[in-house]
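Colleague: For this one, chain D is given, so just place chain X on it according to the hints.
There are 2 protein chains.
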Amino acid sequence: MTDTLRLGIAGLGTVGVGVVKIVQRQAALLSARTGHEITISAVSARTRDKDRGVNLAAYAWEDDPVALAKRDDVDVFLELMGGDEGPAKDATEAALKAGKDVVSANKALLAHHGQALAELAEAQGVALRFEAAVAGGIPVIKSLTEGLAGNRITRVMGVMNGTCNYILTRMDEAGLSYQEAFDEADGLGYLEADPNLDVGGIDAGHKLALLASIAFGTKVAFDDMRLEGIGAVSIDDIRRAGDLGYKIKLLGVAQMTGRGLEQRMTPCLVPETSPLGQLVGGTNMVVIEGDAVEQIVLRGPGAGEGPTASAVVGDICDIARGLRLPVFGQPAGSLTTAPPANAESPACFYLRMELVDKPGALAKVATALGENGISIDRMRQYDHDGTNAPVLIITHKAARPDLDAALAALPATGVVAGAPVALRIEDV
Amino acid sequence: MTDTLRLGIAGLGTVGVGVVKIVQRQAALLSARTGHEITISAVSARTRDKDRGVNLAAYAWEDDPVALAKRDDVDVFLELMGGDEGPAKDATEAALKAGKDVVSANKALLAHHGQALAELAEAQGVALRFEAAVAGGIPVIKSLTEGLAGNRITRVMGVMNGTCNYILTRMDEAGLSYQEAFDEADGLGYLEADPNLDVGGIDAGHKLALLASIAFGTKVAFDDMRLEGIGAVSIDDIRRAGDLGYKIKLLGVAQMTGRGLEQRMTPCLVPETSPLGQLVGGTNMVVIEGDAVEQIVLRGPGAGEGPTASAVVGDICDIARGLRLPVFGQPAGSLTTAPPANAESPACFYLRMELVDKPGALAKVATALGENGISIDRMRQYDHDGTNAPVLIITHKAARPDLDAALAALPATGVVAGAPVALRIEDV
Numbered sequence: 001m002t003d004t005l006r007l008g009i010a011g012l013g014t015v016g017v018g019v020v021k022i023v024q025r026q027a028a029l030l031s032a033r034t035g036h037e038i039t040i041s042a043v044s045a046r047t048r049d050k051d052r053g054v055n056l057a058a059y060a061w062e063d064d065p066v067a068l069a070k071r072d073d074v075d076v077f078l079e080l081m082g083g084d085e086g087p088a089k090d091a092t093e094a095a096l097k098a099g100k101d102v103v104s105a106n107k108a109l110l111a112h113h114g115q116a117l118a119e120l121a122e123a124q125g126v127a128l129r130f131e132a133a134v135a136g137g138i139p140v141i142k143s144l145t146e147g148l149a150g151n152r153i154t155r156v157m158g159v160m161n162g163t164c165n166y167i168l169t170r171m172d173e174a175g176l177s178y179q180e181a182f183d184e185a186d187g188l189g190y191l192e193a194d195p196n197l198d199v200g201g202i203d204a205g206h207k208l209a210l211l212a213s214i215a216f217g218t219k220v221a222f223d224d225m226r227l228e229g230i231g232a233v234s235i236d237d238i239r240r241a242g243d244l245g246y247k248i249k250l251l252g253v254a255q256m257t258g259r260g261l262e263q264r265m266t267p268c269l270v271p272e273t274s275p276l277g278q279l280v281g282g283t284n285m286v287v288i289e290g291d292a293v294e295q296i297v298l299r300g301p302g303a304g305e306g307p308t309a310s311a312v313v314g315d316i317c318d319i320a321r322g323l324r325l326p327v328f329g330q331p332a333g334s335l336t337t338a339p340p341a342n343a344e345s346p347a348c349f350y351l352r353m354e355l356v357d358k359p360g361a362l363a364k365v366a367t368a369l370g371e372n373g374i375s376i377d378r379m380r381q382y383d384h385d386g387t388n389a390p391v392l393i394i395t396h397k398a399a400r401p402d403l404d405a406a407l408a409a410l411p412a413t414g415v416v417a418g419a420p421v422a423l424r425i426e427d428v
Numbered sequence: 001m002t003d004t005l006r007l008g009i010a011g012l013g014t015v016g017v018g019v020v021k022i023v024q025r026q027a028a029l030l031s032a033r034t035g036h037e038i039t040i041s042a043v044s045a046r047t048r049d050k051d052r053g054v055n056l057a058a059y060a061w062e063d064d065p066v067a068l069a070k071r072d073d074v075d076v077f078l079e080l081m082g083g084d085e086g087p088a089k090d091a092t093e094a095a096l097k098a099g100k101d102v103v104s105a106n107k108a109l110l111a112h113h114g115q116a117l118a119e120l121a122e123a124q125g126v127a128l129r130f131e132a133a134v135a136g137g138i139p140v141i142k143s144l145t146e147g148l149a150g151n152r153i154t155r156v157m158g159v160m161n162g163t164c165n166y167i168l169t170r171m172d173e174a175g176l177s178y179q180e181a182f183d184e185a186d187g188l189g190y191l192e193a194d195p196n197l198d199v200g201g202i203d204a205g206h207k208l209a210l211l212a213s214i215a216f217g218t219k220v221a222f223d224d225m226r227l228e229g230i231g232a233v234s235i236d237d238i239r240r241a242g243d244l245g246y247k248i249k250l251l252g253v254a255q256m257t258g259r260g261l262e263q264r265m266t267p268c269l270v271p272e273t274s275p276l277g278q279l280v281g282g283t284n285m286v287v288i289e290g291d292a293v294e295q296i297v298l299r300g301p302g303a304g305e306g307p308t309a310s311a312v313v314g315d316i317c318d319i320a321r322g323l324r325l326p327v328f329g330q331p332a333g334s335l336t337t338a339p340p341a342n343a344e345s346p347a348c349f350y351l352r353m354e355l356v357d358k359p360g361a362l363a364k365v366a367t368a369l370g371e372n373g374i375s376i377d378r379m380r381q382y383d384h385d386g387t388n389a390p391v392l393i394i395t396h397k398a399a400r401p402d403l404d405a406a407l408a409a410l411p412a413t414g415v416v417a418g419a420p421v422a423l424r425i426e427d428v
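Chain order of the listed sequences is D and X.
Per the UniProt record's numbering, the first sequence starts with residue 1, numbered consecutively.
Per the UniProt record's numbering, the second sequence starts with residue 1, numbered consecutively.
Calculated directly from the structure, the hints in this document are not laboratory data.
A hint or two may mislead.
When chains are identical, the list treats them as one kind, so a pair holds in a single copy or across two.
As the list claims (entries may be wrong) - Heads up, simulated SDA-like pairs for lysine to any residue below, C-alpha to C-alpha not over 20 Å straight-line: (1) Lys50 / Arg71; (2) Lys70 / Glu122; (3) Lys364 / Thr387; (4) Lys219 / Ala28; (5) Lys50 / Gly13; (6) Lys219 / Gly35; (7) Lys21 / Gln295.
Bound conformation, chain D alone (with noise of 0.2 Å):
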């Protein structure tokens, strides 16, 4: 390596005009910081001519992001784009076959094709960095990899999806109903293009697979998750929730059981006294726990300018200083593939259910879960909403099959009006 470490960056969005106004501020302290000057040599973006409000006049252009990706005058190559196909892969490939380190806050891509492009990486020599990929600017890809590196991990969980959060902390504090709160962030420019993204817990899903992959030392397995969305949950449910002391959040669990690896994205109940539990807003969260450390709770922006190019330019310091280490903290080719679990792990369960007013129909409810393995710790039952009551049961811990089981036995006692809610209490 020179001096001087000399970047290309592709995509000049939100993260890229942070990274550049990163190295263009601070240019003194990352040189103090890596012993090395940082500098860009070339952009690329879609359009060029834009007011971005950086001056980017100094550093040449390409069109085409594989071009610049194999610059003589690139050492690392920053891959600011997004999208899981496309040029971000091409590109991210080109770099990386060139002999280049690559740069990457890209969650999608990383979950689809993490282990084919670390193998590539290790095979170059190369380093394939990617912490602005999950949790924006909180380190915790560098935690987990490196701090924590003692640790046998036994869950990871967190909420990682910002605009979820939002939704969410909007519905219970302002009462709003799903669809209020979507369209609010929607006008708040909080959205991906395809909302689903946020809203169905894939965003979320494909950090939550490559926090797996780091923890257990297995190939990322997007395919695997269980993923639900939040468009599902209720402002009654969010009322109902506090009123027996707890939030809902879109909680990734990820762990490694005797059944294999257990990686959810659901909305799942959480004490409102515990970290997760009072996380409002955009704000991320992520939870670590290993055999020796016990239990470490990091919290910050989950997005924005600032933030993510704090990642990105953390990665782009550690390179400067000769850091090169496997992209999922073990080589690629040591990587296992471990089987899905086959059930979630178990949990106590939060039930919401319509009683309709017939003498003993709440015996009924109980029979039929305790029939099925499920009992029932605590019970709320409400006052009669026209002709069906509202209850309320915490179960004791209880096995998902079991739990499906009693679900299903449900209706057959005729006491039952619509459809049961029923939500995972995390034991957080």
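Modeller: Then chain X, alone, in the frame of chain D:
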């Protein structure tokens, strides 16, 4: 480096034994993650014949940690003895001079001799790492030095002494007096042999001084820190602060200001709804603010065998992977000597005083405060307790010298009984 990284461990207390356990238990994992076998060559402690619950038979024994530090079969010397002089210092210096990498958990040694040790390590081209010295298992030094390297850090805050936070939590939750809570912590073995290291804020101050150096690129300046322990915090103040929505924490704050480097370790009020306000018991929390990343909050166990050993092993893994950064994040020779701030940043203050039962007493207090530039934001008067009435005042943002002048003017009003309590409200 050979394929094997060989450790010499000086100190077999809680941390040392924890490290031995991890190295023994996780041999395969550490090898997969670092590409090196990590083994223990030799150990040293004050007493040889003691059952420590681990099998040390395979390791050479040294009575003298300095001899251990120089052994040919030691690549990395672990200084886990403690103490800011004597064997810890001698052995650390000997190891560095012998060209060994060093991992230390010794905050006192680093706070007092960090600059000289860093210069020595860097001249020798070896690593001196101390993640375990600050906030136990939380990878805070790594986050600050590496993950957030693209940021100009604006403020670092932390609750970094679990014993103090335990005492304050017990006073708050169980209504204990300071002495009762202190005795309880003592009975549980939470206190250092010299309790003033904990409750006087010295231990936490050492940690803050190390973080400040890394954050601001300045030489460690522990002697410039304003230190105030928790011995004067009363149950009255904890209750009254709670009435107003605040918790009292022993809070460390370091920030670079136009008036110089501000370093404080003092009891402060923080909003009870903030992450710092919600921190109970022995858990630690560090808050890092940077110009790009905004705010990151790291939370985890600040002490204990597993968490502290986790941090030590994280440092060992970094060394095994070839990471040898400057000790304080940039070369020791480039660290500046920051002038200590001549006054702390303006803040709102919590004032508690007892007013004698005279007409116009409150007006006289308000006048005395106002004449010194202190204006009142909120005030709460309690019922007379015999002859005196407790009064709480939350001031608008004020300069500390103005506040001190105002407090000095209160006796002359003739309406204030005893000495008022003044506590800073940190804007977190």
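Colleague: So, for every hint listed, does it hold in this structure?
Modeller: Structure-based check of each hint:
Taking the shortest Cα distances, Lys50 and Arg71 never come within 20 Å of each other, neither inside one copy (23 Å) nor across copies (63 Å). In this homomeric assembly, Lys70 and Glu122 come within 20 Å of each other (Cα to Cα) only inside a single copy, at 18 Å, whereas the closest approach across copies is 36 Å. When the C-alpha separation of Lys364 and Thr387 is checked against a cutoff of 20 Å, the pair qualifies only within one copy, where the shortest distance is 17 Å, while the shortest distance between copies is 64 Å. In this assembly of identical chains, Lys219 and Ala28 lie within 20 Å of each other by CA distance solely across copies; the values are 18 Å between and 39 Å within a copy.
For a Cα distance limit of 20 Å, the shortest separation of Lys50 from Gly13 inside one copy, 11 Å, qualifies, whereas the shortest one across copies, 62 Å, does not. Taking CA atoms no more than 20 Å apart as the test, Lys219 paired with Gly35 passes between copies only; the shortest distance there is 18 Å, against 35 Å inside one copy. When the C-alpha separation of Lys21 and Gln295 is checked against a cutoff of 20 Å, the pair qualifies only between copies, where the shortest distance is 18 Å, while the shortest distance within a copy is 35 Å.
Comparing the model with each numbered hint stated earlier shows that hint 1 is the single one that does not hold.
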